[in-house]
Amino acid sequence: MDRVLGHAKEESVGEDVDWDYWGSLMHDYDGVVKKNPKQLTLMIQKGVPPALRGLIWQILAQSKNPQLEADYAELLKATSLHEKQINRDMSRTFPNHEYFQAEGLGQESLFNVVKAYSLYDSEVGYCQGLSFVVGPLLLNMPDEEAFCLLVRMMKSYDMRGHFTPDMSTLQLRLYQFEQLMEETVPLVYKHFQNQGIRSTMYASQWFMTLFAYKFPLDLVFRIYDILFVEGVESLLRFGIALLKANHDQILHHDFEALVDFLKNGLFEYYKVTTTLFVQDAFNVKVTPKKLAQYAQKHAAMIQKQQAEIAAEESLRESNRHLSAEVRRLEATVHTLNKEHVELAKELITRKMEMAQLQDKNDVLSQKVIDLTKIVDSQAKEVEDRLKGEIQSVMERNLELTRKNEQLEDQCASLENMLIETKMKYAASEDQRDALTRKLADLRKALGVV
Amino acid sequence: MSQTNDAASQVIANNMKPVQVKLVLLGEAAVGKSSLVLRFVNDEFQENKEPTIGAAFLTQKCRLEDKVIKFEIWDTAGQERFHSLAPMYYRNAQAAVVVYDVTKASSLEKAKSWVKELQRQANPNIVIALTGNKVDLVSTGRKGRRTSESDQDEEEEQEAMDLDEDEEDDEDYGISRQVPTEEASAYAQEAGLLFFETSAKNGEGVAEVFTEIAKKIPLEHILSSTRGSRAGGVGGSNGRVDLQNGANGQRLGGQQDKGGCAC
Numbered sequence: 005m006d007r008v009l010g011h012a013k014e015e016s017v018g019e020d021v022d023w024d025y026w027g028s029l030m031h032d033y034d035g036v037v038k039k040n041p042k043q044l045t046l047m048i049q050k051g052v053p054p055a056l057r058g059l060i061w062q063i064l065a066q067s068k069n070p071q072l073e074a075d076y077a078e079l080l081k082a083t084s085l086h087e088k089q090i091n092r093d094m095s096r097t098f099p100n101h102e103y104f105q106a107e108g109l110g111q112e113s114l115f116n117v118v119k120a121y122s123l124y125d126s127e128v129g130y131c132q133g134l135s136f137v138v139g140p141l142l143l144n145m146p147d148e149e150a151f152c153l154l155v156r157m158m159k160s161y162d163m164r165g166h167f168t169p170d171m172s173t174l175q176l177r178l179y180q181f182e183q184l185m186e187e188t189v190p191l192v193y194k195h196f197q198n199q200g201i202r203s204t205m206y207a208s209q210w211f212m213t214l215f216a217y218k219f220p221l222d223l224v225f226r227i228y229d230i231l232f233v234e235g236v237e238s239l240l241r242f243g244i245a246l247l248k249a250n251h252d253q254i255l256h257h258d259f260e261a262l263v264d265f266l267k268n269g270l271f272e273y274y275k276v277t278t279t280l281f282v283q284d285a286f287n288v289k290v291t292p293k294k295l296a297q298y299a300q301k302h303a304a305m306i307q308k309q310q311a312e313i314a315a316e317e318s319l320r321e322s323n324r325h326l327s328a329e330v331r332r333l334e335a336t337v338h339t340l341n342k343e344h345v346e347l348a349k350e351l352i353t354r355k356m357e358m359a360q361l362q363d364k365n366d367v368l369s370q371k372v373i374d375l376t377k378i379v380d381s382q383a384k385e386v387e388d389r390l391k392g393e394i395q396s397v398m399e400r401n402l403e404l405t406r407k408n409e410q411l412e413d414q415c416a417s418l419e420n421m422l423i424e425t426k427m428k429y430a431a432s433e434d435q436r437d438a439l440t441r442k443l444a445d446l447r448k449a450l451g452v453v
Numbered sequence: 006m007s008q009t010n011d012a013a014s015q016v017i018a019n020n021m022k023p024v025q026v027k028l029v030l031l032g033e034a035a036v037g038k039s040s041l042v043l044r045f046v047n048d049e050f051q052e053n054k055e056p057t058i059g060a061a062f063l064t065q066k067c068r069l070e071d072k073v074i075k076f077e078i079w080d081t082a083g084q085e086r087f088h089s090l091a092p093m094y095y096r097n098a099q100a101a102v103v104v105y106d107v108t109k110a111s112s113l114e115k116a117k118s119w120v121k122e123l124q125r126q127a128n129p130n131i132v133i134a135l136t137g138n139k140v141d142l143v144s145t146g147r148k149g150r151r152t153s154e155s156d157q158d159e160e161e162e163q164e165a166m167d168l169d170e171d172e173e174d175d176e177d178y179g180i181s182r183q184v185p186t187e188e189a190s191a192y193a194q195e196a197g198l199l200f201f202e203t204s205a206k207n208g209e210g211v212a213e214v215f216t217e218i219a220k221k222i223p224l225e226h227i228l229s230s231t232r233g234s235r236a237g238g239v240g241g242s243n244g245r246v247d248l249q250n251g252a253n254g255q256r257l258g259g260q261q262d263k264g265g266c267a268c
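Quick mapping for you: the protein sequence lines, in order, are chains A and B.
Under the working numbering, the first residue of the first sequence is numbered 5, with each subsequent residue one higher.
Under the working numbering, the first residue of the second sequence is numbered 6, with each subsequent residue one higher.
What the hints contain is simulated information worked out from the structure, not anything from laboratory work.
Treat the hints with care, as some may be off.
In silico DSS-like cross-links for lysine-lysine, where the CA-CA straight-line distance does not exceed 30 Å [claimed, not checked]:
(1) K54(B) with K275(A)
(2) K355(A) with K371(A)
(3) K194(A) with K72(B)
(4) K50(A) with K39(A)
(5) K220(B) with K88(A)
(6) K22(B) with K88(A)
(7) K38(A) with K159(A)
(8) K267(A) with K54(B)
(9) K22(B) with K308(A)
(10) K54(B) with K88(A)
(11) K38(A) with K50(A)
Just so we're clear, the structure is a prediction, and the values are computed from it rather than from any experiment.
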């Protein structure tokens, strides 16, 4: 890391500095710019003299504000919610720069400005990256002025949205950058698409730290020079200029090499000639109209995305419900399966029972048939026997009838005998009566005894 | 991670097609995510490492039995504000290292919320390793042994850098452990995570994290699915970060090639 050398290297440009111009600009900015606005652009491209840089930046951004400086002094007395987090990052900001070493003066100023800002703008609070934006300011001006310039950058230069919790402007910037790439360096754009490189992977760093995170500080100062004159959109131009300058090399790298190159190798090309960097950036055509167009497209895209997210969320929700339903149904299926198995078992036992019964039935049927046969054959025998019996009974009957007739004949003859007997008895009776009377007469006749 | 191992893994790396494992690092700001990766990839420790803005990408090859594994590591920014960017990096990942700082209780809470998010949103088979970093700062730690004489000085520097967000401690040099090993380990077990305690500073436990992850990942599955379709990626096409297009089976450029752990 030879960031520290950045200053020294740039001083070499100092020989052809137009001190008169810069002097008059500092003295009467409005007048000088009004008289020849193009000259300012030209002079800035050549580079602001390092010795005047801090002052010129403040003039360009019109950030001088005694009231705000007073506010800053007040803010320093207050305690910020983010203090510990800021503190944690202090030794991690430009850790290799002498001025920002733990024992250097820079770290305290850095802490003060970042802390004051976190109090000044509570929505932004502290966002990692901010200290890298403040660092280059502090290398050129005292902390209260750096604070005022930071406030100006955040507000008037539309950088606040790079650090707000939703980072909305950063997202827009990244989108605009990709669109610009597609238009200005289509081959690189296509190569990135093919390799799966997204602007978020390398350019968030650029836009959140104004390239200060990895780039040599002399390059970073030149970027600040332009930014204060041309506005924050110039960041896009620098980005494109870097891709253009490394065009062929980029096309030869694959994903892994690219990720590394975009972070650490991109600036090598301009390391020796910062002025060319600025000139190349100026040659990148970026019109406000185009950027507005991209912004519109981005807004539409965001809206679409949000709708998709909402749809996805509702799908996820219904998916959750359906999953629960599936689980419930699966449970039901499980119990049903169990029941089914039991029923199947039952069915089998029943079937077996039935088969057994069938067998029994067959046996019984056979028996019935046999018995029927037996019964049939026995009936005949019985009939025959009966017939025989009837025959014999009838014969006996006949015999008895005959006997009866004989007996009746006997009886009749006996009756006749009886009548004869009775007649003889009656005749004998008569005889007896006649004899009795003859006796009685005789007695009378013989004289009563 | 000796030179011999480096050479050995290099030879094998050049002869075999590596299994690519996409890994993401998540965790609160300043717990040492980037330092862990730097230790794993380059076997280095950088005092006062810049906070990661956005995300960083690094790779490292490892050997596990007869296979070569190439970790493709996305190291994410820890500050809450960058949270919304994280899904893009973890969506397709097969492994995640969720880092907390053993000297900072709140960082474990943040780690837990990352684990929850991963379990809800990431690849359902993702292997998650919970890693308590900075054990070199606590002398009574599970493996709080000192390995070099210079530790004492370094420790003081690290303490200066690691001023805690919580109310107590800081100014005095006895930085205390705020997350007991048992507590984090019990949580990890309950949540089904691998668990480690590491020091990116002295290297303790760092290689183990990646080795154990490599062991737990269904490498065969990854191999077969990468063979099937190069463009789609293992995690399907829903992830916006497509690491499949990265160099494959090819020598890595520059610094990333120097390391090499023999898993």
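Checklist entry - Between K38(A) and K50(A), does the CA-CA distance stay at or below 30 Å? => result holds (20 Å)
Checklist entry - Hey, K220(B) versus K88(A), does the alpha-carbon distance stay inside 30 Å? => result Not OK: K220(B) and K88(A) at ~39 Å, beyond 30 Å, violated.
Checklist entry - Is the straight-line distance between the alpha-carbon of K54(B) and that of K275(A) 30 Å or less? => result holds (24 Å)
Next on the checklist: What's the verdict on K22(B) and K88(A), does the C-alpha distance respect the 30 Å limit or exceed it?
Outcome noted: Given pair K22(B), K88(A) is violated - Cα atoms ~47 Å apart, limit 30 Å.
Next on the checklist: Next pair to validate is K267(A) with K54(B); report whether the Cα-Cα distance is within 30 Å.
Outcome noted: holds (16 Å)
Next on the checklist: Can you confirm whether the C-alpha distance between K355(A) and K371(A) stays at or below 30 Å?
Outcome noted: This hinted pair holds, its Cα atoms lying about 24 Å apart.
Next on the checklist: Checking one constraint from the list: CA of K50(A) to CA of K39(A), max 30 Å. Satisfied?
Outcome noted: holds (19 Å)
Checklist entry - Taken at face value, is the distance from the CA of K88(A) to the CA of K54(B) at most 30 Å? => result holds (17 Å)
Next on the checklist: Against the 30 Å threshold, does the CA-CA distance of K22(B) and K308(A) hold or violate the hint?
Outcome noted: Distance ~41 Å between K22(B) and K308(A) Cα, so the pair is violated.
Item to check | Satisfaction of hint between K72(B) and K194(A), Cα-Cα up to 30 Å | outcome: violated (34 Å)
Checklist entry - Is K38(A) within 30 Å of K159(A), Cα to Cα? => result Holds, at about 24 Å.
When each numbered hint is compared with the structure, violations occur for hints 3, 5, 6 and 9.
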